[in-house]
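Asker: Dock chain B against the given chain A, drawing on the hints supplied.
Chains as they are written, first to last, in my numbering: chain A, 1158 to 2265; chain B, 391 to 977.
If you are wondering where the hints come from, they were derived from the structure by calculation, not from laboratory data.
Watch out, some of these pointers could steer you wrong.
Just so you have them, the derived chain A footprint on chain B, three or more residues with Cβ under 8 Å [claimed, not checked]:
#, region
1, 436-443
2, 662-668
3, 779-788
4, 804-818
Because the structure is a prediction, the values reported are computed rather than measured.
C-beta: ideal position from N, C-alpha, C; glycine also.
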Amino acid sequence: MYIRGKIFDIRDRIHQFLSHVKKTGAGLLLLILFCGTAVGQDIEVTGTVTSDAGETLPGVTILLQGTERGTTTDLDGTYTIMTPSDGVLVFSFIGFVGRNINIEGRTEIDVQLTERVAELDELIVTGYSVQRRGDITGSISTANVDNIANQTSSSALQRLDGSVSGVTVQTSGSPGARSTVRIRGVSSFQNNDPLYIIDGTPVEDDFANWLNPKDIESIQVLKDASAASIYGARANNGVIIIETKKGQEGAPQLSVDLRTGISSPVGGYDDFLILDALEYHDVVRRGSLNAGVSVPTNIYGDPGNPSIPSYIWPNNPEAGQTNSLTPFGITENDYLYGDPGNINQQIMPASRGTNWWDEVFGTAVSSDMNVAVSGGGDNNRYNVSFNYFDQEGTARDNRFQRGTIRVNTEFDIGRITIGENLSLARDESYGGIDLGGDAEDTIIGKNILSQPIVPVRDIGGNFASGKAVGLGNNSNPVKIASSNRNDINANNRIFGNAFARAEIISDQLLINSRFGFNLGNTTFTAFAPIFPEDSEPNFVNGFSEGRNEFQEWTWSNTLNYINTFAQSHNLTVLAGQEVTKTESRFITSSMNAYINTSLNSRYIQDALGDPDTKNTSTSGGESTLLSFFGKADYNFDDRYHLSFTIRRDGSSRFGEDNRWGVFPAASAGWRVSRESFMDSADFISNLMVRFGWGITGNQSIPTGRLFDQFGGSTGTTFYDITGTGSSIVSGFRSTEIGNRNLRWEENESYNLGVDLELYEGQFNFTFDVFQREVDDLLFNPPLPATAGQAAPPIQNVGKMRNRGFDFSVGYRGSISEDLIWNVNFNGTHYKNEILRIDGDQEFFSGPISGRGATISRNYVGQPIGAFFGMQADGIFQNWDEVDAHASQDGARPGRMRFMDTNGDGQVTAADRTVIGNPHPDFIGGLDLGARWKNWDLQTSFFGSFGNEIFDVQKEFYVFRLFNTNVRRDVLDDSAVLNIDGPAVVNNQRVTNAEVTNSDAKYPRLDDNDTFSSEFSSFYVEDGSYVRMRTLQIGYNIPPGTLPGVQNMRVYVQGENLFTITGYSSIDPSLPTSNVGGSAGNVRDQTIGVDRGTYPSNRSFSIGISATF
Amino acid sequence: MNLFKNNKILFGAAFLLLAGGFIYGCEDDFLVGEAQGSLDEQTLANQNGVEGNLIGTYRMLGGGWDGFGLWGTGSSNWIFGGVATDNAYKGSEPGDQGPITDIELYNWSTGGTDEYVNDKWAALYEGVNRANSTIRLLDRLLENDPTSVPEDDANSIRGEALLLRAYYHFDAWRMWENIPYYFEDDEDFRKTNVDVDVVGNIINDLNQAISLLPDEPRNGEVGRVTSWTARALLGRVQVYSGDHGTALTTLREVRTSGPYDLEDNFQRVWTGFSDFANGPETILAFQASSNDGDPNGNNANFDMRLAFPHSGSPFGCCGFFQPSQNLVNFFVVDGNGLPLAMTDDTWNDRDDNLAAGAGVPVDPRLDWTVGRDGVPYKDWGNHESGWIRDRGYGGPYSPKKHVHEEASGAESNVGWNATHLNSVNWHLFRYADLLLLLAEAEVEEGSLDNALDIVNEIRRRAGAAAQGPGESADNIAVPIDDPSITWADYSIGEYDSFPNQDFARQAVRHERRLELAMEGQRFFDLKRWGIAEEVLNNFIEEEADRRAYLGGAAAFQERHNRYPIPSFQIDVSRVDGEDRLQQNTGW
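Just chain A, same shape as in the assembly (with noise of 0.2 Å):
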């Protein structure tokens, strides 16, 4: 069979991707149409059952819905039951689309069964079209959109790990969190996002938290550049096109999805930290002694016999006066919070040891809502859904709500259709959304390092924290948590198209034009309280806001020709043309000194607090894109098929003599099993080999990076030259360094694939091998300091490679009637490399650092992200060997010993090297699924394998920088000298001075040592792991159960139950990090580095779907 002229009906498409999901998810789930109610009186009903092609059927299962009252026909097809006149039979049969008739009082029913559509000729939406998957010839995957429906997350980007071969999503476990989703490796230095096309509109998104995953049909990824090269200057990242749920004409059907459950971080930092107060005191101590200096007492007393205090006191300077009340003259009568004058006055009880991981993260509630209507009418389908999604997250008072509506309608009109996709959506995130920036900042991190003798509030009932000395500098994470529980982040979306399609000559020429828009303003308020508790006060309040409207239009307009020529020449011809512009505008405003401090209170308005801090900025940014292609498909019998594609693109990017780009694809592919020397071999349903080659574009760059740019601001060109003391006047300075020659990146691929299936699809297998090269990197790299400050140039600056591979194997098979089971793996395997970067350098270094220096490194010859640092080699155990090592500050036994790897005879900031790969070797998910009668299971796992992760808050949890919290196991496992006290006193060495544990993890407790927390291999770990992603066990009440229920199942979910890893802080699994540069987003180049990750969520849930 092939494509009939009925390929762009939707209705067509729908149905079958329908019966797709049915047999591809759950096995053989039974789709129950029509509604059977109260049992009348017992007829005899009989009749055949044949197939469309008129074989009678044997064997074929007829139940009395509701009941088990049931029977199967005989060898000649005919059956004969014993049912209520006004009953409804089902037929059922392995390989054939069920159905449910009426009896409606009949005695004789003969029942026709459509045989279920074979794998090839299910319709995939690609590029402008739909094509049969038997025909294409590009590498797409399909994802399974039952198993992302499996999972609780606001986006269904986040859910696309490990359920497609060749794509991974890195993202945490903050409600509402961006989603990093990479296709077979990393294309570029910035701006990485795959291009999502939805109901035929491109949008660049990489939070997708507008769009309901209840209302997704079908997500297929474009992975090479013969499939994606039709969208041309946007495809470098992989395309991946997302259709949602359209009508179908029939009755209107109500179908209710509810859902609710309860999450818990997978792991906290209680699982490694100190708790006990007394404990921590022992670091202190050890930490003090070793370094020579006195042991504070200014809290705990006598280091030989420390207690925990009643009281904290402020900043006590001297020691023994730590448990009286009034040492400063301070009693409980005078304490005072929150006076600039009087900071002194805060008393805290000490605490025995809190726990701040407990007091910040804890259970979360969420709960998913979804109703839709659909149906339609001979000349008209529709869909509407509403949905209502919220997520509580695992750390405190941070929540995220959305609500959708969408509207899918269809109307035809002679040989018009027209109709729209429409989105309305809105979501508000509380306490923000956890973006993956510097953990240090959030509640995550370092503030999580709070020292366990802090309390979380203080006698007045006021937040604590770490006013005295020695207590750190960190805020308090549960003031900043509560504090920070009315600043909403919102968005508004407007998503959707409108369109009309007509068939000009019938089956053969079709024209569709179709108008995308993408409306959206986002929002956000943010208020700083004062922090008199802090070790670093503040006490000036502020309020800040901002909004961001942006609008973009998207109108394409396509030709599309089908034709069969003598029998077997088939040929499809898509011509088109394309015009988006983008628009984007951004004002936020911010005062201080808020006179009142409630809700009410916080606008930007003169009286409200102090009108001289006021300041505002707005900027914004548009381009536009124009462009034209044309694709031919043509196949010989079904067996040689070939794939040309050609597009151009101007974009507004990029200036006059570079504007356009041609993008050109080619795949061909070849049907081994249509070929007369297989028929003996008729177990093999499919077997084809692909090949493809195709170049594809990459633009993402901001605008009107062409042209020198000058500029400046109050705070970093503006000058008091008149001496003033409180005014400035303006200054310029070059902020931006343009480019008149830039071009495209431009990707050239390769793939090779086979796909198998045998046995009618029972198994399937598709392997591809490919390799990426991406040329003319966009990038700006940095330039030396002398050429100043200005945005260096955006410039063509090199060449990345990705090799590798990717595969899905599946099985379904039965092992009686009642129990069916499938099983599906896939696997991806790719090798970034950097190839060349042009000009004079041969390295950029990576946007993020922590407190020390640089993390990553993008070297030639090396992947992208790769990690930087001195290469750690072990402990120095006594003076013999610091003297036989080249010279390093600070060396002494008990310290880190580095490398000396340039061979100068010292170690310096130019030993620094590659330390560690944050690629994974392998990455892979399997998914499990049983049906056994009326219950169904669903399992699925992930793995990552082969990563490392550079773990950078071991500046504060191993060497304790600001006073952190440290993990439990330095107490036992930090080396230990044979003295105590310093390995030099005075200038000189204690020349005895030896590690008394050689096998000691850490280094020797030590407060002088500023040494060994150098970023080193020390901090890199292996970051693999295999996680348990997904349990689904449901059970669906037999229809006629409950009167007027259609189909109802209700099932129970946990997802990230178990996880295997060697890892050693919270969660291996990392979102990137929220970075952006003058060129972009460089996330990329952070990958693998944990700055403190909101851990994944385990949650529970149940829920129940049904449809009346």
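Answerer: This is chain B only, laid out in the frame that chain A set:
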């Protein structure tokens, strides 16, 4: 409906649709992408644009800003010129800003030191770059239309930019010695630092500036430099480069004919009162401003903001840059009011806190320079023990000079912890500094009497007033024997004579330390005098008994006279695998 049965109409509709798309797309300017929210070269191609660039060049005298880099990017040099010497400790607590500890303890091979010197390098060359942009823009403007900028303005603009360029290079030269020199027509930003005549270029720029600049600040704007600023700097560079003979000529001229003079009393030197700022003693200062509309207080003393008393104080943060015990001891005087250190080997024997009422006579400048327990801290009340962040680590003293008076209103109302942001100008070069450089040259050239005059002039001024208990601009400073002073016995006398060159040299150097302590000069002085190794190793040896962590210091060696060139800059300046920037010897 019937209409659509006609294929012709369908074709027509299709044609229109496609044509519409094509026509839209073919509009010429549809694909032209202009930069949004910025200025282009054309807009700035006039005098306003040039002047704006020049203002931006001045701005870099204050160093970096919020987000520029780590601490210590500024021209104050409190870390490189202060913490690295016997005048001050890093302060705060051990775990805070470890890289500054590395600098303090001469462990300059660490990655942390590397980051700090890199930021300093970047800030200075941004200054150079802005100066060069200004000159380039001016040149282009005048080339197109020689009348576009009045000649006087054009000359002064060029002179100001050249002077600032020279200043930034000078500061870099003090730090690293081997640096590349950048001119306005440079296009290669990977120039070498080997065998560059840095001093020659600085002097050349300053000489040009002298010939171009007016004698009075242009437009009466006190922040602008004049020909006198250029002369003063020229003399400074000559002294720094050891050319004492020429320096004498230059600096004597400034002294006799220039507009500068010492302030009446020391309080007026470092002050937040804007009425007192830019007095006769100011040669070149970063004109700090607060409450000027910048939301982060970036134009205030951004560089110095960590260097305020900590939590228990009215400033709240952060307790860095604590004066050393050695420095405090250095202010003790003998019975004649002369530095005890001139005559008594035991001057540095005191280990304990020299708090109020310590009972030893001290130079009144001590209490303009160091915050001591029980002594009024400008007009903020008495310095208290609880102001120190970690007394067991960084000792009992606080820095003081750059702190604003409460009554001055110089405090910022914005920025992270606004209480330690202020508009106190940072002196990059003040007249007392110039006089002492002149005295230095006089000593080296054998004119000991001239040196004596200068030292005594400085000491006379130092004796004019001491820190009092007052709380307004008028009475914070009081006579040094004022009865309201209960916390100290102030005494300062003049030298009768300089019996020989060695004595004179010692007296001038001591005076320089007393006068300019905590102003970021000390390291460069010790280095210039060639005594850094001796002084600093002695200091560490003695001071390690007081502050145990100093026991971890590396020995100060010859190589420490030059900071290491930032390794990142060496790496990014490589051309064809060859280093264009050579690391300083020993690093």
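Asker: When the hints from earlier in the document are held up against this structure, which numbers fail?
Answerer: Every hint satisfied by this model.
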